[in-house]
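There are 4 protein chains.
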Amino acid sequence: MTEDFRALGIRLRNWGRWGADDERGTVNLITPDRLVAAAGLIRRGTVFGLGIPLDENGPQSGNGRINPVHLMAETGDEQLFPGGFRYADDYLFMPLQGSSQWDSLAHVYYDDQMYNGFSARDITVKGAAHCSIDKQANGIAGRGVLLDFPALKGVDWLTAGAVISPEDLDAACAAQNVTVGRGDILLFRTGWRRKFLHDGDAAAFMAGEPGLGQDCCEWLHEREVAAVGSDNWAIEVLPGEFPDAPLNVHMVLIRDMGMSLCEILDLEALAEDCRRDGVWDFFFAAPPLPVTRAVGSPVNPIAVK
Amino acid sequence: MTEDFRALGIRLRNWGRWGADDERGTVNLITPDRLVAAAGLIRRGTVFGLGIPLDENGPQSGNGRINPVHLMAETGDEQLFPGGFRYADDYLFMPLQGSSQWDSLAHVYYDDQMYNGFSARDITVKGAAHCSIDKQANGIAGRGVLLDFPALKGVDWLTAGAVISPEDLDAACAAQNVTVGRGDILLFRTGWRRKFLHDGDAAAFMAGEPGLGQDCCEWLHEREVAAVGSDNWAIEVLPGEFPDAPLNVHMVLIRDMGMSLCEILDLEALAEDCRRDGVWDFFFAAPPLPVTRAVGSPVNPIAVK
Amino acid sequence: MTEDFRALGIRLRNWGRWGADDERGTVNLITPDRLVAAAGLIRRGTVFGLGIPLDENGPQSGNGRINPVHLMAETGDEQLFPGGFRYADDYLFMPLQGSSQWDSLAHVYYDDQMYNGFSARDITVKGAAHCSIDKQANGIAGRGVLLDFPALKGVDWLTAGAVISPEDLDAACAAQNVTVGRGDILLFRTGWRRKFLHDGDAAAFMAGEPGLGQDCCEWLHEREVAAVGSDNWAIEVLPGEFPDAPLNVHMVLIRDMGMSLCEILDLEALAEDCRRDGVWDFFFAAPPLPVTRAVGSPVNPIAVK
Amino acid sequence: MTEDFRALGIRLRNWGRWGADDERGTVNLITPDRLVAAAGLIRRGTVFGLGIPLDENGPQSGNGRINPVHLMAETGDEQLFPGGFRYADDYLFMPLQGSSQWDSLAHVYYDDQMYNGFSARDITVKGAAHCSIDKQANGIAGRGVLLDFPALKGVDWLTAGAVISPEDLDAACAAQNVTVGRGDILLFRTGWRRKFLHDGDAAAFMAGEPGLGQDCCEWLHEREVAAVGSDNWAIEVLPGEFPDAPLNVHMVLIRDMGMSLCEILDLEALAEDCRRDGVWDFFFAAPPLPVTRAVGSPVNPIAVK
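Chains as they are written, first to last, in the numbering used here: chain E, 1 to 305; chain P, 1 to 305; chain Z, 1 to 305; chain L, 1 to 305.
Okay, chain E solo, but in the shape it has when bound (with noise of 0.2 angstroms):
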């Protein structure tokens, strides 16, 4: 527990793992045949979106990121065509790391280095040269895994600054009857959507939140999980465990483990679905959009049964 991040960072690093040249990190443990495995998961041929709605509703509050701005550009009005076509268009402003997104392995760094080594410096007003979103164009898929632990816990949601712990993690596989392992794109659900839905109060949902503890990074490594995901905005618990080391997680896990981070999913219907048939494994599908050198993309993961 009061291990420094940058100890652990070097304990758990991941760099070189796949090539110098490597800038998917831990999305390279979905091998082949465990993509053709998930598939098998498609038993029952349902679907659940897991994308908040994009819209002024959503859960920032204005501080450096703003809820997106959904604004029509055509409607049909004034449109004269011949033959009676018209049409609707509309434009999107958004932070692309403000609704259900991925972190590309460039959204974080410290001492001057991102994750493969990759100087900090190759982060410029022009975007990310290298660990950019686009590199995940192809998407994240394979075998999804959802741990619930507002229903572990018999809460409708764990509260800001709960700690997740690696027992944790274990007591939910157990009661779940799951196993996660190599490979696989790990889903947790604290309830933070929940309580946000319920209250709609954003600058909450944004001024701290239940998550890992950094002690789980070694849990993510020894399993060897391709990807990590949740129904919070940062993975890790908010206020971290150390105060003069927030962000210890998101260092950790994207910077040195080179692990991408799926933040703000509505996981709400996917945990009722497997809380009632109770199989909690899936086909899982997220790609990103391609925005060259961006460090985030906002995304809706789609969960397969």
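Hints were generated in silico from the structure; no laboratory data involved. Just to be clear, a hint being listed does not mean it is correct.
If chains are identical, the list can't say which one is meant, so a pair holds when it fits in one copy or spans any two.
[Stated by the list, open to error] No more than 16 angstroms apart at the CA atoms, straight line, and that leaves these computed lysine to aspartate or glutamate pairs for EDC-like:
hint, residue 1, residue 2
1, Lys153, Asp170
2, Lys135, Asp21
3, Lys126, Asp77
4, Lys153, Glu167
5, Lys126, Asp55
6, Lys126, Glu56
7, Lys135, Asp55
8, Lys126, Asp89
9, Lys126, Glu78
10, Lys135, Asp122
11, Lys153, Asp21
Position chains P, Z and L relative to chain E; hints supplied.
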């Protein structure tokens, strides 16, 4: 060939077929059993992202739609977190129909009605009250089939104005030894993307295109195709077959049949792979961003073989 | 006080006064001779910019309008011009009515008509065909007069809901020894900006405000004032005097009288200077950005003494 | 003509002239007495707005900068206020240097320093810590003088690459019987806007332009001009006189002399009026939007005669 689009629309109309309230149209043809069957097409574990890069080098030349504008909001500069954490963040401004995209069923209409008889007055400056893209939030996933017309015709790309006929569709199916049937997502390659990559001429890309002729609507209707996508920007041939009724195929497919269109795809790598292994069907998934009341969405579809 | 706003509107209506085609309204009262006379108010050579800073710390709390988002596109990084030239460039995304701004005469309407009887149907998703802000492209320049109500009342700021009456306007004129007359631009200070600078509470800034009561419309009409501006965001008192007719002053001033409103100004430095030298009139110039068919424009008015 | 721009820059440098902290440059030359004198040029009471329309028909062709995108957020549709009030609202997305605009003194730099020796590192993804446009929030107002080169040369417009020399400036002054002196804002017309209005070719507008040659820097320096504006987009001739030092005039004027540039103006109506009455000087006011830390601002300057 000379049938009036309104008469054809009445004949092929799917209004009411999936209920008076339906806002998803032919996507309803992807029944659970077909989705499960489609999963079986993931045989090798290879993913192809079909979305084009989102950047200023896209195919828009500025008439109503522009290329996406990506701007960094944070690079780590001027950040003063304790512990060393630094992050990068970015923003995107874009037309929702300017890059690889789904047209929602509210994208076009005529005679004051859109798909399923919803009133065109449902489309206002605030977006579409019905048939908006978020109604497809679970995405469009199922069996994809690719037809490769440049390969069929022995050319690099079809030319602007070149009409793809039902006979061409049949010929491509026969040549590729593949069938298109109920609930399939049909992708067809015209080479228009390849031409754009070759000459980089956005104005030429938008000025016209090879694409489906009007008679193909019936072909798609008979086979109960769920959705159609292409590497051109409007699915249909442009200039169209009827100067006094431009965008006639849009009107029949989207407004009368309720078929979602996926445009401006990059099918180059997928087509090359299919030509190599002779397998032209695959698992296809393309979840739109659930932008509330939007009439379209950028998308990065994936094909998994 | 209890007159129905529609009745008042009919009584004060300037429709047709400057021709059936007029789209500029009371700004027409600034005749050339008055503009020349206003130039004589430049006696000391001091300029006061009255626009608030455009940044994320503005008064918008995200309901429909957001604060301006300023993003750099270039900083000089990654540029390779011969000779050493480097440049910085930037982008802005903003609501046109979210900061210091002119309301155009197309900004509000009722009963399907706007100023001068133009049809509300002239306002579509493509903007306003009549009375848009670019019709004021030459700007609104002339004699400005400032009335300082916190000074008059001996408070730091008036409170939300505090009604400024015609008697208050007269009292301020008398106390300041200044007159308001034909073709003048009347600026009045409520302290609402000062309060916002003091507490930084955007939600409180927008939730209500001190401002003009409905009876002031007649006062402005009688004196033939050309335009009115303030440090609040709606000129008029909020909540308004008539719960069943919110924004009644907007409706009478803009729609019936054709008066342009200049809102969310910073009058602090100007007021302090006027208190010091006892001179409350000045040359005023506020050219809007001529955004085609826009219904408002950000503006940085200047007062020159 | 052949002097190296760095040598010239050192010779004409105004660094420290108005203090080590100065961020306003030559605008300081507009002393209060000169502003008061400029007011005396308002003789007839006629205003000319010099800003071009902000819309998609502007001169940008999409390389880095786009034309402004104006989108309506409200038209009155779907509003349900009691009493009948309806309002229209809109949004704007634009590059700050894409239309009529002020370049801030942070807009260009070389050799890691900008005006007054401030470090180029002050310009980050968060904007400019020094010399940003909001430092000119009080606007640039004073005596404006227009020089009309197409009239002088008897042509509709000068051609791309046509160099305006100090001799040309003197000849124009003599022909127009006007002087340019201390604290004046010099506007010069090249006809480049007129050409754009004639042919509508944005790519041609941006590909080159007639403008000031490098020797004019000294001319402006000697006369102690406060600012310079034009109907072209870069003030200086393009392609420039020195292929190995493009934008040399920008570098000397902005970075060394601290002179603000006002570009892409529409001087047509003003020039026509001046030709008619033979009066080439006027009161000029051009307050930028005080966008915090921005490196430029759209502006709609006014000339008042």
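Taking the hints in turn, this is what the structure says about them:
no., hint, in the structure
1, Lys153 to Asp170, "within (13 angstroms within a copy, 58 angstroms between copies)"
2, Lys135 to Asp21, "within (12 angstroms within a copy, 40 angstroms between copies)"
3, Lys126 to Asp77, "between (37 angstroms within a copy, 8 angstroms between copies)"
4, Lys153 to Glu167, "within (13 angstroms within a copy, 61 angstroms between copies)"
5, Lys126 to Asp55, "between (27 angstroms within a copy, 11 angstroms between copies)"
6, Lys126 to Glu56, "between (27 angstroms within a copy, 12 angstroms between copies)"
7, Lys135 to Asp55, "between (27 angstroms within a copy, 14 angstroms between copies)"
8, Lys126 to Asp89, "between (28 angstroms within a copy, 11 angstroms between copies)"
9, Lys126 to Glu78, "between (38 angstroms within a copy, 8 angstroms between copies)"
10, Lys135 to Asp122, "within (15 angstroms within a copy, 31 angstroms between copies)"
11, Lys153 to Asp21, "neither (43 angstroms within a copy, 39 angstroms between copies)"
Checked against the numbered hints above, the structure breaks only hint 11 and satisfies the rest.
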